[in-house]
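2 protein chains.
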Amino acid sequence: MSATMDAHIAPVELPKAYRLLNHGPTVLVSSRHDGVDDVMSAAWACALDFAPPKVTVVIDKATRTRGLVEGSGHFVLQVPTFAQLQLTYDVGNLSLADAPDKLARCGVSTFEAPGFDVPLVEGCSAWLVCKVLPEPHNQQAYDLFIGEVVGAWADTRVFRNGHWEFESAGPAFRSLHYIAGGTFYAIGDQALARTE
Amino acid sequence: MSATMDAHIAPVELPKAYRLLNHGPTVLVSSRHDGVDDVMSAAWACALDFAPPKVTVVIDKATRTRGLVEGSGHFVLQVPTFAQLQLTYDVGNLSLADAPDKLARCGVSTFEAPGFDVPLVEGCSAWLVCKVLPEPHNQQAYDLFIGEVVGAWADTRVFRNGHWEFESAGPAFRSLHYIAGGTFYAIGDQALARTE
Chain A
1 MSATMDAHIA PVELPKAYRL LNHGPTVLVS SRHDGVDDVM SAAWACALDF APPKVTVVID
61 KATRTRGLVE GSGHFVLQVP TFAQLQLTYD VGNLSLADAP DKLARCGVST FEAPGFDVPL
121 VEGCSAWLVC KVLPEPHNQQ AYDLFIGEVV GAWADTRVFR NGHWEFESAG PAFRSLHYIA
181 GGTFYAIGDQ ALARTE
Chain B
1 MSATMDAHIA PVELPKAYRL LNHGPTVLVS SRHDGVDDVM SAAWACALDF APPKVTVVID
61 KATRTRGLVE GSGHFVLQVP TFAQLQLTYD VGNLSLADAP DKLARCGVST FEAPGFDVPL
121 VEGCSAWLVC KVLPEPHNQQ AYDLFIGEVV GAWADTRVFR NGHWEFESAG PAFRSLHYIA
181 GGTFYAIGDQ ALARTE
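Residue numbers (the working numbering), protein chains in the order written: chain A, 1 to 196; chain B, 1 to 196.
Where hints are given, some of them may not hold.
Identical copies go unnamed one by one, so any copy, or any two together, can satisfy a pair.
[As the list claims (entries may be wrong)] Think about it this way: if two alpha-carbon atoms lie no more than 25 Å apart in a straight line, the pair counts; the simulated DMTMM-like pairs of lysine to aspartate or glutamate are:
| id | residue 1 | residue 2 |
| --- | --- | --- |
| 1 | Lys16 | Asp49 |
| 2 | Lys102 | Asp143 |
| 3 | Lys61 | Asp155 |
| 4 | Lys131 | Asp49 |
| 5 | Lys61 | Asp189 |
| 6 | Lys131 | Glu196 |
| 7 | Lys102 | Glu165 |
| 8 | Lys16 | Glu165 |
| 9 | Lys61 | Glu148 |
| 10 | Lys102 | Glu13 |
| 11 | Lys131 | Asp189 |
| 12 | Lys131 | Asp60 |
| 13 | Lys61 | Glu165 |
The set of hints was computed from the structure by calculation and includes no laboratory data.
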């Protein structure tokens, strides 16, 4: 299931990694521990700091991902595209505990970035590899995990030079923003405020 | 500056309050303490739990809002509309410490909901009144505040029966999703996953 990095994928400098999440997309959370990979979706992920970049993500105790993240101390947040709408819904509604072939059934293929032993989901627009900053109280009381971003990449067809380029990338690259019950919104068009 | 609630504003049942934030909009954070009101914008706000609903928001120590929230134990997250693009940028870039007339200069008017002594910003599409759940370590180390939602309202022209209705509401009601440097995206169109 693992492949090499696509030619369109380029590193994002860490101080700009927050921009990959700043518009509030629903993300995929991937993780690996003891030879097991899982991928789930999460609408409750958010940037927390600029440099070093940090993020928060809520990972319920009922998920298989929870144990993998606690066991490995790492997780990946990645931004799925409009083309991955059904995949994004499906990985949030099928548990690896119930379906050992979950990833194949949901159409998930993964690859690795050099130097990081974590699964990255093919076809996403951006990836943030995160190291858990252990906060046992947050994790236990709120299912809230804090991670420091230690590697970031984006597909240069939709994010380059530190900026999203949704308009030129075409509709299949738009980010997804989940509400409930299978209802998502795609991100729309750019609007600029006066900054003088 | 205070007015009564607009006829279009209706309560949102608390177990559905998370839906107001689930698509990751940039929010306005308002607060009141000792007769001082402030409003700032925040892209780093997120749902944390369903019932009772909880949220997270990052409030930097350099903001005037920080002291008001710590002093009062309350804040409001509200979802600004596309019509408030410039206001949303401006309240994030002018400090009440530098401009005592910040709210007037930024075009902010506020009103109150019965029973809550917090300022709500007129013209937004949704409001969540939150009580701080004190977590001193998170607040000090990460500027991260956790709040329990104790009241929620929405403009029924864009959110009703527990659902956003962006398409029918028209472009002025779209939510805003900030990136950096004055660049926002408006939320786009709805897309439905198969839920069988």
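Evaluated hints:
For a Cα distance limit of 25 Å, the shortest separation of Lys16 from Asp49 inside one copy, 11 Å, qualifies, whereas the shortest one across copies, 28 Å, does not. Taking CA atoms no more than 25 Å apart as the test, Lys102 paired with Asp143 passes inside one copy only; the shortest distance there is 23 Å, against 37 Å between copies. Taking the closest pair of Cα atoms, Lys61 and Asp155 never come within 25 Å of each other, the shortest separation being 32 Å inside a single copy and 34 Å across copies. For a Cα distance limit of 25 Å, the shortest separation of Lys131 from Asp49 qualifies both inside one copy, at 14 Å, and across copies, at 23 Å.
Proximity of Lys61 and Asp189 under a CA criterion of 25 Å is satisfied in neither setting, with 36 Å inside one chain copy and 32 Å between copies. With identical chains, the CA atoms of Lys131 and Glu196 are never at most 25 Å apart, being 38 Å at best within one copy and 35 Å at best between copies. Proximity of Lys102 to Glu165 under the C-alpha cut-off of 25 Å is found in neither arrangement, the shortest distances being 32 Å within a copy and 33 Å between copies. For the identical chains of this complex, Lys16 and Glu165 are intra-copy neighbours only, at 15 Å inside a copy versus 33 Å across copies, given an alpha-carbon limit of 25 Å.
Within a single copy, Lys61 and Glu148 get their C-alpha atoms as close as 21 Å, and across copies as close as 20 Å, so both meet the 25 Å cut-off. In this homomeric assembly, Lys102 and Glu13 never come within 25 Å of each other (Cα to Cα): the closest approach is 33 Å inside a single copy and 34 Å across copies. In the homo-oligomer, the alpha carbons of Lys131 and Asp189 never lie at most 25 Å apart, since the shortest distance is 33 Å inside one protomer and 34 Å across protomers. Within a single copy, Lys131 and Asp60 get their C-alpha atoms as close as 18 Å, and across copies as close as 23 Å, so both meet the 25 Å cut-off.
When the C-alpha separation of Lys61 and Glu165 is checked against a cutoff of 25 Å, the pair qualifies neither within a copy, at 36 Å, nor between copies, at 32 Å.
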